[in-house]
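*Asks:* Read off the chains here:
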Amino acid sequence: MYLLVILIPLLSAVGSGLGGRYLGRKGAGLLSSVWVLVSSLLSFVLCYEILINGSTVYIELGRWIESYLLITSFGLQFDMVTAVMLIVVTTISGLVHVYSTSYMREDPHLPRFMSYLSLFTFFMLILITSNNYVQLFIGWEGVGLCSYLLINFWFTRIQANKAAIKAMLINRIGDIGLMLAIILIWKEFGAVDYCSLFPALSPSSACTWICILLTIGAVGKSAQLGLHTWLPDAMEGPTPVSALIHAATMVTAGVFLIIRSAPLFDYSPTATIIVGLVGSLTAFFAATVGLVQSDIKKVIAYSTCSQLGYMVMACGTYSCLSSLYHLLTHAFFKALLFLGAGSIIHALLDEQDLRKMGGIIRGLPLTYVLMLIGSLSLAGFPYLSGFYSKDLILELTYNNYCIISIYWLASITAFLTAFYSFRLIYLSFVSKPNLTRISAQHLQEADWNLLGPLLVLAIGSILVGYIAQNMVFAPGERPLPLVPTIVSLAPVIMSVTGILLVFILRPYIIYYTTHPSIYGFLFYAWEFNQIANYYIGSTVWKFGHIVSYRIIDRGILEILGPTGIAQFMVNRTKELSSLQSGLVFNYALMILVGTAIALKYLVVN
Amino acid sequence: MNYLVLSIIILLIGILGIILNRSNLIIMLMCVELVLLASTILLLFESRVLYTLFGQIFAIVILTVAAAESAIGLAIMVNYYRLRGTIAVRALNLLRG
Numbered sequence: 000m001y002l003l004v005i006l007i008p009l010l011s012a013v014g015s016g017l018g019g020r021y022l023g024r025k026g027a028g029l030l031s032s033v034w035v036l037v038s039s040l041l042s043f044v045l046c047y048e049i050l051i052n053g054s055t056v057y058i059e060l061g062r063w064i065e066s067y068l069l070i071t072s073f074g075l076q077f078d079m080v081t082a083v084m085l086i087v088v089t090t091i092s093g094l095v096h097v098y099s100t101s102y103m104r105e106d107p108h109l110p111r112f113m114s115y116l117s118l119f120t121f122f123m124l125i126l127i128t129s130n131n132y133v134q135l136f137i138g139w140e141g142v143g144l145c146s147y148l149l150i151n152f153w154f155t156r157i158q159a160n161k162a163a164i165k166a167m168l169i170n171r172i173g174d175i176g177l178m179l180a181i182i183l184i185w186k187e188f189g190a191v192d193y194c195s196l197f198p199a200l201s202p203s204s205a206c207t208w209i210c211i212l213l214t215i216g217a218v219g220k221s222a223q224l225g226l227h228t229w230l231p232d233a234m235e236g237p238t239p240v241s242a243l244i245h246a247a248t249m250v251t252a253g254v255f256l257i258i259r260s261a262p263l264f265d266y267s268p269t270a271t272i273i274v275g276l277v278g279s280l281t282a283f284f285a286a287t288v289g290l291v292q293s294d295i296k297k298v299i300a301y302s303t304c305s306q307l308g309y310m311v312m313a314c315g316t317y318s319c320l321s322s323l324y325h326l327l328t329h330a331f332f333k334a335l336l337f338l339g340a341g342s343i344i345h346a347l348l349d350e351q352d353l354r355k356m357g358g359i360i361r362g363l364p365l366t367y368v369l370m371l372i373g374s375l376s377l378a379g380f381p382y383l384s385g386f387y388s389k390d391l392i393l394e395l396t397y398n399n400y401c402i403i404s405i406y407w408l409a410s411i412t413a414f415l416t417a418f419y420s421f422r423l424i425y426l427s428f429v430s431k432p433n434l435t436r437i438s439a440q441h442l443q444e445a446d447w448n449l450l451g452p453l454l455v456l457a458i459g460s461i462l463v464g465y466i467a468q469n470m471v472f473a474p475g476e477r478p479l480p481l482v483p484t485i486v487s488l489a490p491v492i493m494s495v496t497g498i499l500l501v502f503i504l505r506p507y508i509i510y511y512t513t514h515p516s517i518y519g520f521l522f523y524a525w526e527f528n529q530i531a532n533y534y535i536g537s538t539v540w541k542f543g544h545i546v547s548y549r550i551i552d553r554g555i556l557e558i559l560g561p562t563g564i565a566q567f568m569v570n571r572t573k574e575l576s577s578l579q580s581g582l583v584f585n586y587a588l589m590i591l592v593g594t595a596i597a598l599k600y601l602v603v604n
Numbered sequence: 000m001n002y003l004v005l006s007i008i009i010l011l012i013g014i015l016g017i018i019l020n021r022s023n024l025i026i027m028l029m030c031v032e033l034v035l036l037a038s039t040i041l042l043l044f045e046s047r048v049l050y051t052l053f054g055q056i057f058a059i060v061i062l063t064v065a066a067a068e069s070a071i072g073l074a075i076m077v078n079y080y081r082l083r084g085t086i087a088v089r090a091l092n093l094l095r096g
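Quick mapping for you: the protein sequence lines, in order, are chains A and B. First residue of the first sequence: 0, per numbering that gives the first Met the number 0; consecutive thereafter. First residue of the second sequence: 0, per numbering that gives the first Met the number 0; consecutive thereafter.
By construction, these hints were calculated from the structure, which means they are not laboratory data. Glycine included, every Cβ here is placed at the ideal spot set by N, Cα and C. Do not rely on the hints blindly, as some may be mistaken.
A short, non-exhaustive set of chain A residues, derived as facing chain B with CB atoms under 7 Å [claimed, not checked]:
| id | residue |
| --- | --- |
| 1 | Gly581 |
| 2 | Phe584 |
| 3 | Ala587 |
| 4 | Leu588 |
| 5 | Met589 |
| 6 | Ile590 |
Far from chain A by the CB rule (all over 10 Å, computed), these chain B residues [claimed, not checked]:
| id | residue |
| --- | --- |
| 7 | Val4 |
| 8 | Ile7 |
| 9 | Ile8 |
| 10 | Glu32 |
| 11 | Thr51 |
| 12 | Gly54 |
| 13 | Ile56 |
| 14 | Tyr80 |
| 15 | Leu82 |
Here are a few chain A residues that sit away from chain B, every Cβ distance over 10 Å (derived from the structure) [unchecked claim]:
| id | residue |
| --- | --- |
| 16 | Tyr21 |
| 17 | Val37 |
| 18 | Ala159 |
| 19 | Leu179 |
| 20 | Tyr367 |
| 21 | Leu442 |
| 22 | Gly475 |
| 23 | Arg477 |
| 24 | Thr512 |
| 25 | Gly543 |
| 26 | Gly560 |
| 27 | Gln579 |
| 28 | Leu591 |
Please put together the full structure from these sequences, using the hints given.
*Replies:* Written out as structure tokens, the structure reads:
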């Protein structure tokens, strides 16, 4: 059963990928949905065994790398962290599979799409269940690959191509960090599997470096500040992809890496503080950018970026489990928001611009309710699932980092989160209609294949926070931050204020009160793309063209290498062959001189 | 001793004649003859000094060879003159490298 959970998505991927032409669109959709849902059910059973009955399982599948110093095996480790991630990955994935059968119904390449989704699920499961860093790296690269394939699903669109390449390349920077970290771990501790590594740790400066490199890996994959630019661009992919990969699962791989490496981070306070700072800055940055975006999917993408910042920040408070807890609840409400946005986009005939929506509450009441539940949960409204995890993180940061700005950034972010998520609700559902006539006429709810997953996710967004809090934290391990009452009330006050502000002052307040330059600065996401393109990209490009291509490759190396040597040899041989002048007396002279020299050396000696 | 000096001087004259001569192929042939004669004189001198007959035998062989060589050489020259209409040495450089 433990193996089946992993193998079923693989079989589904192979089945609908290679057999798609025989199964047809409906068949592929049905097959992969059912199979991944089965995998999801199995993972609930596993979760019961692992989380509630507390039985950690290790499975050894076979030897992989055997050398004198390093022995690595293919192995699976089902512990608590894995169990929670299993729930996240298989549940969200199963629901997204079902959703896609409706959302992508008209697409001729549905079997391929389903195959990629299942393949992604498989690699994600490899990532979370591996018992060593090297096998984790397989999954890590696999989900990157699937991300590329899925962003680029509509491969005829140039924007999708560019976004996919960007996602791949920026992830690659993080991957280099992770790879260096693995090499350093191997060099320092001689083992890459968790069971041998974590008991063998000792405080050393290498720990700091390993942790910083792991953080770089997480920054790349989880779209933290600096390497986040691929996440908004990845919205070029279909909406189910955004929901599955760029909201719930793949981007959480970076956070999972940090959670998995928690024992390493415990030995390195420096790296822990860096993680906290990076996370809080990302949360704040993405929240400010989310305030002014006009594309509905980009708002949610920046919100994801912001929530990932929260998770990473939570890892910086020495309480990785609270990060895992937020990961779990976030997966539910963010998938709900994305799929809800997909429902809106679907109903409005592929219109993504918030400015061209409004008033669709009459046409899409169910979607409205579901989006509202998702947004309230995201804003941390009391008793919904976001509330439990987010409050905990904020209090933990107050406990640990009240003095340095992390807590304040996180609190402001909580306020901004409430504001932009309700700005989205307001602009799309409540404000006065701005639709085209055609989309207003066609406005209606989608079928139950599309709404069913949303309902399940909505129930998840309401309940998971409460149900899971005693499952994620082992008994007695739940951190209990000691904070003043005002601090524990603050997040709720913040989010309620944010929600009310939207409805009292209208979201346009941002537009009217901010200076155009600041608005533009926020709209273009703090100009990160600009900076990357102009200061890094074009500099590197120029260096590459002028120095390494024109001067070194075509210049020095050509002259010292093929062209130069060939030219030199040709010239010398020409000179040498002109010795043969054809004039007999010259030959005679040469014979004479040659004989004289030969005599000198042969005879005289 | 005088014979030795004489023969070496003749040898040098012959060689210099070959090297410095730029115009006439016949002069070159004559200089080759000169070289051969110088060597013959040297051999005879050596035969006289060392009291052996080998030098004289070789001298006779060389005379034969020289006669044959000049015959062949002249034949080549005549053929060459037929083809080119000249036997100037500096016109002989058609086979440059």
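*Asks:* Please write out, lowest number first, the hints stated earlier that are contradicted by the structure.
*Replies:* 5, 6, 27, 28
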